[in-house]
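Based on the sequences and whatever the hints tell you, model everything.
Residue numbers (UniProt numbering), protein chains in the order written: chain A, 1 to 202; chain B, 1 to 202; chain C, 1 to 202.
Mixed in with the good hints, there may be bad ones.
One copy or two, it doesn't matter: identical chains are merged, so the pair holds either way.
When the alpha-carbon atoms are kept at most 25 Å apart in a straight line, the in silico PhoX-like pairs for lysine-lysine are as follows [as the list claims (entries may be wrong)]:
| no. | residue 1 | residue 2 |
| --- | --- | --- |
| 1 | Lys192 | Lys87 |
| 2 | Lys87 | Lys146 |
| 3 | Lys83 | Lys26 |
| 4 | Lys146 | Lys25 |
These aren't lab readings, by the way, just hints derived from the structure by calculation. Owing to the predicted nature of the structure, the values given are computational and were not obtained by experimental measurement.
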Amino acid sequence: MFYLTIDVLGTIAFAISGVLVAMDKKLDLFGVFIIAFVTAVGGGTLRDMLIGNTPVAWMQAPVYTYTILGSVVFAILFRERLKYLRKSLFLFDTIGIGLYTLVGIEKGLQAELMPLMCIALGTITACFGGVIRDILCNEIPVIFRKEIYATACILGGASFFLLIRLPIVDEYAYAAAIVIVIGIRLLAVRFKIALPSIYQRE
Amino acid sequence: MFYLTIDVLGTIAFAISGVLVAMDKKLDLFGVFIIAFVTAVGGGTLRDMLIGNTPVAWMQAPVYTYTILGSVVFAILFRERLKYLRKSLFLFDTIGIGLYTLVGIEKGLQAELMPLMCIALGTITACFGGVIRDILCNEIPVIFRKEIYATACILGGASFFLLIRLPIVDEYAYAAAIVIVIGIRLLAVRFKIALPSIYQRE
Amino acid sequence: MFYLTIDVLGTIAFAISGVLVAMDKKLDLFGVFIIAFVTAVGGGTLRDMLIGNTPVAWMQAPVYTYTILGSVVFAILFRERLKYLRKSLFLFDTIGIGLYTLVGIEKGLQAELMPLMCIALGTITACFGGVIRDILCNEIPVIFRKEIYATACILGGASFFLLIRLPIVDEYAYAAAIVIVIGIRLLAVRFKIALPSIYQRE
Chain A
1 MFYLTIDVLG TIAFAISGVL VAMDKKLDLF GVFIIAFVTA VGGGTLRDML
51 IGNTPVAWMQ APVYTYTILG SVVFAILFRE RLKYLRKSLF LFDTIGIGLY
101 TLVGIEKGLQ AELMPLMCIA LGTITACFGG VIRDILCNEI PVIFRKEIYA
151 TACILGGASF FLLIRLPIVD EYAYAAAIVI VIGIRLLAVR FKIALPSIYQ
201 RE
Chain B
1 MFYLTIDVLG TIAFAISGVL VAMDKKLDLF GVFIIAFVTA VGGGTLRDML
51 IGNTPVAWMQ APVYTYTILG SVVFAILFRE RLKYLRKSLF LFDTIGIGLY
101 TLVGIEKGLQ AELMPLMCIA LGTITACFGG VIRDILCNEI PVIFRKEIYA
151 TACILGGASF FLLIRLPIVD EYAYAAAIVI VIGIRLLAVR FKIALPSIYQ
201 RE
Chain C
1 MFYLTIDVLG TIAFAISGVL VAMDKKLDLF GVFIIAFVTA VGGGTLRDML
51 IGNTPVAWMQ APVYTYTILG SVVFAILFRE RLKYLRKSLF LFDTIGIGLY
101 TLVGIEKGLQ AELMPLMCIA LGTITACFGG VIRDILCNEI PVIFRKEIYA
151 TACILGGASF FLLIRLPIVD EYAYAAAIVI VIGIRLLAVR FKIALPSIYQ
201 RE
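Structure, rendered in structure tokens:
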């Protein structure tokens, strides 16, 4: 129940971030919904297609579709006031990537993949909804250009595989890894830490 | 036989719409063919990957590939005169989305998905070839920006699930739903009805 | 062993071509890695998803991920000098598409697909990593616009299905087809042969 609540909060945050990007592009109602939808479930969908876990997750649990529909309606109705929610949305989004990372790792373990690939799946689950959103909106994906975002997922995922070797119950390893993803992201944003940009001197 | 004829007409219309977009971008022969191909089969391919229906449909029936090859050759040879075919192409395209919507719903039912997901699959089948075409051509997908297109598929799909509850044979429900998709699309274009664009006031 | 060496050389060439494109866009470290990764394994990944060969190949063999990681580190450290390697990279890339084409065809045969679809899978394996790279970098894919690239894969793939009808051992047909892909590409670049661009007169 607690798990589901957090998951739904993450979905809401991702969906609303999709609505915000879609509104910048002045898309129509259908376009806004699709962008919100792929932002929220695109990462998990790509993950499920990569490992052959089909029909993909959102097709088997309508709670995601209803949550996204509700979020889109809410975001459109109160679109002039979303800026006051910016901090809450950032927090939901950050909790969301922490949780989604571990969901992806769990799916990788179920598919008996090695740790490196589980971490990749976790990162894909958390980050690639935003990548697909940006491609559909004709932008170079924002996570390729700035901010510690995927890096937090990768480090948190790697921590998980160190933590489960310790003599603690698995649930603690999951919880600690989620906290590590969230912590790295919060610290990076707080102290404006970013990965270096790579280019050739002219 | 009738079904196949319509299906092939829809494929032709989608392929030629792909050629028209690709020519605007001055792509080479291979690029034009690929854009025509993904416009015609991209939606069904995404659908099949989402539900794990692999190898995807076009790999199992070469009729689609040959139809698209023929359409591309025809469209390139007569490219200066395609404008005179505009009305026929629009009609084929509209019939195509009606049929493709129901093909997608049928595949969803075979995969034992709930009605909401079947409608999503129908809409994906009908509309996402065009979305992939626009992404490959570096445009924001046109169906996110204007016209009643996906909306017609959604409403037609929803009608289908109301109609099959009636005491009529299933074939009639299929046929009626196809007609509803086509009818909504034709009326929307005739009366220039579009979904509202969503954006924040400056 | 020989096979693996060539395969790894192809992966290196593709990964470095990804790094070069990503640097032009001034992406950050994570973005550069992802672009290198999708350039090298994106084609095979799409192929595996289309035929349901999951988990996709790179998830089952970490050699690709390590090779790409090493290539990215190398390419970033020596980025000012990559221009001196241009010829070697072009050669690796050309060998890479030859090999990848036949890998794709082999996977198609294993899935019992007809020759036409095997050729399509070979071409997808060789060329669509670059297509996904260009989409992520917000460019119209370069292979839709210029150079004989996919065409070499298609012709080499078609040759393969002629050659295996001859009374020779299969290995020779594979090797000859790889040489044909490489030869066509080298000749096309040497003599600046390209497919015609298709467009309507104004």
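Verification of the supplied hints:
1. Lys192 with Lys87: within (16 Å within a copy, 40 Å between copies)
2. Lys87 with Lys146: within (19 Å within a copy, 32 Å between copies)
3. Lys83 with Lys26: within (17 Å within a copy, 30 Å between copies)
4. Lys146 with Lys25: both (21 Å within a copy, 12 Å between copies)
The structure shown violates none of the earlier numbered hints.
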